[in-house]
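S.K.: Let the hints inform the model, and build the full structure from the sequences given.
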Amino acid sequence: MSPIAVVIPARDEQGRVGAVVKRVRSEADGSTTSVYVVDDGSQDGTAAVAREAGARVLRHRVNLGKGAALLTGAEAAVKAGAQLLVLMDADGQHDPGDLSRLLEPIQAGRADLVLGYRLFTREMPAAMRLGNTVLSGLFATLFGVTLRDTQCGYRAVTAKALGKLRWSALDYAVETEMLVHAARAGLRIEEVPIATVYHDRYKGTTPVDGLRILANMLRWRLA
Amino acid sequence: MTGIQLVAVAFAAVMAFLTYTAWRRGELDNRESLLWMAVWIALALVSLFPDRLRAVIAPLQVARLIDLVMVAGILFLAAVVFQLNRSLRRLESKLVQLVRSLALKEEPPC
Numbered sequence: 001m002s003p004i005a006v007v008i009p010a011r012d013e014q015g016r017v018g019a020v021v022k023r024v025r026s027e028a029d030g031s032t033t034s035v036y037v038v039d040d041g042s043q044d045g046t047a048a049v050a051r052e053a054g055a056r057v058l059r060h061r062v063n064l065g066k067g068a069a070l071l072t073g074a075e076a077a078v079k080a081g082a083q084l085l086v087l088m089d090a091d092g093q094h095d096p097g098d099l100s101r102l103l104e105p106i107q108a109g110r111a112d113l114v115l116g117y118r119l120f121t122r123e124m125p126a127a128m129r130l131g132n133t134v135l136s137g138l139f140a141t142l143f144g145v146t147l148r149d150t151q152c153g154y155r156a157v158t159a160k161a162l163g164k165l166r167w168s169a170l171d172y173a174v175e176t177e178m179l180v181h182a183a184r185a186g187l188r189i190e191e192v193p194i195a196t197v198y199h200d201r202y203k204g205t206t207p208v209d210g211l212r213i214l215a216n217m218l219r220w221r222l223a
Numbered sequence: 001m002t003g004i005q006l007v008a009v010a011f012a013a014v015m016a017f018l019t020y021t022a023w024r025r026g027e028l029d030n031r032e033s034l035l036w037m038a039v040w041i042a043l044a045l046v047s048l049f050p051d052r053l054r055a056v057i058a059p060l061q062v063a064r065l066i067d068l069v070m071v072a073g074i075l076f077l078a079a080v081v082f083q084l085n086r087s088l089r090r091l092e093s094k095l096v097q098l099v100r101s102l103a104l105k106e107e108p109p110c
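So the protein lines, in turn, are chains A and B. Under my numbering, the first residue of the first sequence carries the number 1, and numbering increases by one thereafter. Under my numbering, the first residue of the second sequence carries the number 1, and numbering increases by one thereafter.
If you are wondering where the hints come from, they were derived from the structure by calculation, not from laboratory data. The beta carbon of each residue, even a glycine, is placed where N, CA and C say it ideally should be. Please note that the accuracy of each hint is not assured.
Unchecked claim - Here are a few chain B residues that face chain A, going by a calculated C-beta distance under 8 Å:
#1 69
#2 70
#3 100
Claimed, not checked - Computed list of lysine-lysine pairs in BS3-like fashion (alpha-carbon distance at most 27 Å, straight line):
#4 94/B / 164/A
#5 105/B / 164/A
#6 105/B / 79/A
#7 94/B / 105/B
#8 94/B / 79/A
#9 164/A / 79/A
#10 160/A / 79/A
#11 94/B / 22/A
#12 105/B / 22/A
#13 22/A / 79/A
Claimed, not checked - Going by beta-carbon spacing under 8 Å, a handful of chain B positions derived as facing chain A:
#14 62
#15 63
#16 65
#17 67
#18 102
#19 104
M.R.: This is the structure in structure tokens:
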């Protein structure tokens, strides 16, 4: 089995990151899977909690944003020999129980990039449902690839494909930029359903982030 | 001298003083200090001798002297904002590089 790395960017998540790391470690095969937590300038004990839970912790001394944290984690994982990477959030929005479902299409050789997609049910805040629908629709129009949930950060990708996704967005636009590069590189993308979990309605992507992503999409289309 | 001329000259004098102290403290280098000094001196001169600019109003097809000053000010500010944006981007890029490389260097062994 290929070495797998689960990369978790985290900022001020001492309350949840420990449980997430422990769940990942219990769901995954410990002999082939490493968990990387990138503490992105946290003011709390995120790094210590993650380390205690068994993760390898990399620390950004100041907050750079989710995109930068993912880049650091992915770079460290690939350097350590990971051939398959899973990207997931630290706040418990992504159920580690979905890991095997996310990895299956790559391990079966059908996909280079696997995206989790959430059902847009009432579990998801209304503003998020609207934002995700608009952004996914616009993505399909601009880039010709129809995806159910372009904003979901729960993804699996091969180390080889990761090189083609190399993003420059430091913030929440990273998810969309990855897909733009994937579409342009002709990567095989597959989507799998994942659980929709929202613990905190105020953290994560805001409407302003949504507008920024929208503006970036137009910029990438013109580039 | 009108009130607005007085305000403009006083503003230019204060800014020139701040530029000088920033240069003495090493916060601005020679080139930057000279550039900003030239801006404040120009502002003071335009405020003190506005009639000297009347000669350029006609060829530039500007109706009033104040319009010329406003347009020049907006163009100057646009250039400053552009330059600041460039510097900020460069600085951000360096910061990202530094913070990420420190994180990767400090990564504990498996």
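S.K.: Hints first: check each against the structure and report whether it holds.
M.R.: Checked hints:
no., hint, in the structure
1, 69, "violated (34 Å)"
2, 70, "violated (30 Å)"
3, 100, "holds (5 Å)"
4, 94/B / 164/A, "holds (23 Å)"
5, 105/B / 164/A, "holds (24 Å)"
6, 105/B / 79/A, "holds (12 Å)"
7, 94/B / 105/B, "holds (16 Å)"
8, 94/B / 79/A, "holds (22 Å)"
9, 164/A / 79/A, "holds (16 Å)"
10, 160/A / 79/A, "holds (12 Å)"
11, 94/B / 22/A, "violated (35 Å)"
12, 105/B / 22/A, "holds (25 Å)"
13, 22/A / 79/A, "holds (23 Å)"
14, 62, "violated (35 Å)"
15, 63, "violated (37 Å)"
16, 65, "violated (39 Å)"
17, 67, "violated (34 Å)"
18, 102, "holds (6 Å)"
19, 104, "holds (6 Å)"
Consistency with the previously given hints fails for numbers 1, 2, 11, 14, 15, 16 and 17, ordered from lowest to highest.
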